[in-house]
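Top line first, the protein sequences correspond to chains A and B.
Under my numbering, the first residue of the first sequence carries the number 1, and numbering increases by one thereafter.
Under my numbering, the first residue of the second sequence carries the number 460, and numbering increases by one thereafter.
Simulated from the structure, these hints should not be mistaken for laboratory data.
Just so it is clear, the structure is predicted and the values come from calculations on it, not from any experiment.
Be a bit skeptical, because a hint or two may be false.
Partial selection, computed: residues in chain A whose CB lies under 7 Å from chain B [unchecked claim]: (1) S7; (2) A10; (3) E69.
DSS-like cross-link-like pairs, simulated, lysine-lysine; straight-line CA separation at most 25 Å [unchecked claim]: (4) B:K609 to A:K139; (5) B:K851 to A:K9; (6) B:K573 to A:K8; (7) B:K578 to A:K8; (8) B:K566 to A:K9; (9) B:K894 to A:K9; (10) A:K9 to B:K573; (11) B:K496 to A:K9.
The beta-carbon is built from N, C-alpha and C at its ideal position, and this holds for glycine as well.
Residues per chain are reported as follows:
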Amino acid sequence: MAIVTASKKACSVNPLKMSQPIGGSFAFMGLRGAMPLLHGPQGCASFGLTLFVRHFNEAVPMQTTAMNEVATVLGGLENLEQAILNIYNRVEPEIIGINSTGVTETNGDDVEAFIRLIRQKHPQLETLPLVYVSTPDFKDAFQDGWGKTVARMIEVLVAPVDAARSRDGSRVNVLPGCHLTPGDLDELRTIFEDFGLKPSFLPDVAGSLDGHIPDEFTPTTIGGIGMDEIATMGQAAWTIAIGAQMRRAAEIMQARTGTPFRLFERLCGLIPSDEFIAFLSEISGRSVPSKYRRQRGQLADAMLDAHFHIGGRKLAIGAEPDLLFDLSSFLHEMGAEVTAAVTTTNSPVLQRVRTEDVLIGDLEDLEELASSRDCDLLMSHSHGRQAASRLNVPFRRVGFPMFDRLGAAHLTTVGYRGTRDLIFDIANLIITDRETNHGPTPDTWPSPAVTCRSMPQSH
Amino acid sequence: MTSLRTTILDVSNEPGCARNASKSNIERKNGCTKQLKPGGAPGGCAFDGAKIALQPFTDVAHLVHGPIACEGNSWDNRGSASSGSDLWRRSFTTDMSETDVVFGGEKRLYRAVKEITEKYDPQAIFVYQTCVPAMIGDDIDMVCKAASAKFGKPVIPINAPGFVGSKNLGNKLAGEALLEHVIGTGEPDYTTPYDINIIGEYNLSGELWQVKPLLDELGIRILSCISGDGKYREVAYSHRAKAAMMVCSKAMINVARKMRQRYGIPFFEGSFYGIEDSSDSLRQIARMLIERGAPAELMERTQALIVREETKAWTAIERFKPRFAGKRVVLITGGVKSWSMVAALQEAGLEIVGTSVKKSTEEDKERIKELMGQHAHMIEDMSPHEIYKMLKDAKADIMLSGGKSQFVALKAATPWLDINQERCHAYMGYVGIVKLMEEIEKALYNPIWDQLREGAPWDEFDWKRQAKTVAQMDAQAVDPVRGANTNGVKTISFSNKSEIGDCESAIAAHGRNLVEPAKPGTNSTARGPACKDTFSDLQPSALQAAE
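Working from the sequences, and respecting the hints, build out all of it.
Here you go:
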């Protein structure tokens, strides 16, 4: 049972947190033909865009209502109207996903009312889905923006169903948290399909941000889940939510369509993977394919090989709540000790992180804790690189953003196979560190007497 | 102290700016930035511009007053290099909460300054205003003044909230803040007749250090660089320089012009991109310093150095000529810095088939015509889709641009090179231009392009080929020894891209003998099992044949 505290500092140093509007835009990027639109000054969208481009090494669609000072005084209706019309005319999107920002929230723009007015005035927009989510910058964090946006998508885009109608037993809705990579989603898709299940991922960033080469260059998302598929999600037999951030979305889906859900708070590690595979076997009525028996064996073997290296390590992890919970639980189960844990926002899972205390803070806090508690492995998004190099400890990049290494989209940590690869990665980091920084020398184990004689000045 | 509005009007009416001077009175009143259309691809805001301009000051704590978005989403994103402090790379923000928005963020800002002072004791703190605190009326000027008095160190307000305008305006507002609060507040230990300022140079990828050794050799001292690898103290005494070079011309012209006005420091607009521009700039620096009292022999030494460096660079470029013959380049970039490279690219044999003129003045366009001939394609405002089509239709061999448009080129399987601020190579001065040529050559001749322009061989299933393969299989079943002699690979493996040689070399490289499947070493994964089966089928008879 961890004690959760929030930092008391007035100045956040080396932030771990990113803002919720771009978490919302990120969710829209998992829809086909989508154009995420940030209602705010152009800088808000520009910074977000740059961040996504650097992480994925992909062209990323994202536009802005370009609120300037005058528009802010007058209210954002006109800018929103122009933005929607320009996008509609120029890029013919299948959906425009709108997130508010700090400026328009401080202003109190009633965007839902704006949208109604805009629709009245421009009947050609009648069938174009316009999904709006309130995501002020000065509240919550990236994963909250994602969670709220997916919940709102379900409210607006999923058609209600007749509860008496029979469901499609092979269809499963999957609501992944924002900590899952396109690689994770693809791995899950394969697993579902191996059980004869047809998954609908909402959102599906694996379809749009997996780095594929499109035939045509379009300004909207290329790939991702389509409007038609989302509309029929109510017919699925089950909803599987991954990460506590998706609980609300799953509950809304259940309330709206009667589809029962199961929440998997984590999918990294032997125990959660076992639970997951067992559940799929149960709902599909199929026995587990031999492929997964082999993969389980490989994971077990990886755990055997790596526990020498990972066991007893003192870890410092800085990540959003769901990712922190997933990774710290798994590493705890590998015998590591999580001695510093910092996160961005509140979540029910934080109390269950297997450590003494969890701090809602920044990377300065993580660096200080890692240093005072003698951590020997640091994990966070790329911004932690400076701290790791100052502390001279091995550094594993996890989560978003990862802008200084390639292949962020394909890092896979879910299931037996993902866990196995992560174990090897971390163990190898530790081995490399031992070889480069902690090789034995004749003076590694001096006798106390020798120490006294040779270094009298230290007394 | 002037209001933000007045400052914006002031910098928008910049007499030193050629573009501004060519405008009508009405146009000028509208300011120097095009209003961005809602629903467009976003460019950076004024805050972004101010931060870009000032963040390279290395020993300053850059504190962003606003909600998490402004700093949390954007920090650690520039490749400026520092020869000393790494403080500039740390990120400081007040991370305003809802409560701050309701009750005002001034107290939090003051406490933030206090915390930074206690923990990091920087030379100075720059406080950046952003939209939300500007809306709710947080007076950062007042907080900075109070904090400065209390903590006894410069706390400088940078008043450029994002929504007042573009990145470019932000650059200028940052310049105004330096002029108002920093420049002229310190004195150097000593001065020399060889002291210059470099204004608007950010030392990206350490490129300033490609030129600094030449200046050092000539005995010319960079008294202050605004702002690449800059230090607070150096800007404070930059008013003691004898001359100034303004590098990124549109960004900080107000700083150069007002320093001339206030302190009589003459400046010129120059560039260290490209050979001729580098030489011109060195000559200009020498000329100005001599005019301000440096010994005339400086020019002779400068000329000698230029001759030496130019010869070296042209010789180095010579070897690219055959490689670049007939290769066509599209140049999409902000303007100025691109065409100072044009001459060198052309000299190396590259043909410039198009360049963007979105941010160029009429004068710039004339110069482009002069450089590239009347037929150069000037791209006023091309959509990514159009550029993509142009590249897909193979109208150019390589695109040079900034990071944001890279995927247009890459996804069209066209070589691309980053020449804007996010790039990871330094292209300045005489060594830099040669480096640029090397990078262009590497990009043009990488073997990936040929592979990527071809589709997958199995994209359209070929029944004829399958029939042929089956026939071959049958034949081998009858005559296994013959099959073993040719490895049976080309015909059995389904990937027709995998030549016999591939499989053979894979076997050789991995020291495998014939009885092992060659699959892991080749590209023929699609039908690996077929390959394997064949080998195992062949095994007994192959052994017999060997015996």
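Against the structure, the hints come out as follows:
Below 7 Å, beta-carbon pairs count as interface contacts, and S7 of chain A has none with chain B, the closest being about 9 Å; its hint is therefore violated. The restraint placing A10 of chain A at the interface with chain B holds, with a minimum CB-CB distance near 4 Å, inside the 7 Å limit. At a threshold of 7 Å, the smallest CB-CB gap from E69 of chain A to chain B is about 5 Å, leaving the interface hint in force. Restraint check: the Cα-Cα separation between K609 of chain B and K139 of chain A comes to about 31 Å, which exceeds 25 Å; the hinted pair is violated.
The hinted pair formed by K851 of chain B and K9 of chain A fails the criterion: a straight-line CA distance of about 53 Å is larger than 25 Å. For the proposed pair K573 of chain B and K8 of chain A, the alpha carbon gap of about 14 Å is at most 25 Å, so the pair holds. Pair hint K578 of chain B plus K8 of chain A holds up; C-alpha atoms about 15 Å apart against a cutoff of 25 Å. Taken as a hint, the K566 of chain B and K9 of chain A pair is honoured in the structure, with Cα atoms around 12 Å apart against an allowance of 25 Å.
In summary, the hint linking K894 of chain B to K9 of chain A is not supported, as the alpha carbons are separated by about 46 Å, beyond the 25 Å threshold. Distance check on the hinted pair: K9 of chain A and K573 of chain B sit about 11 Å apart at the alpha-carbon level, within 25 Å; holds. For the hint pairing K496 of chain B with K9 of chain A, the CA-to-CA distance comes to about 39 Å; that exceeds 25 Å, so the pair is violated.
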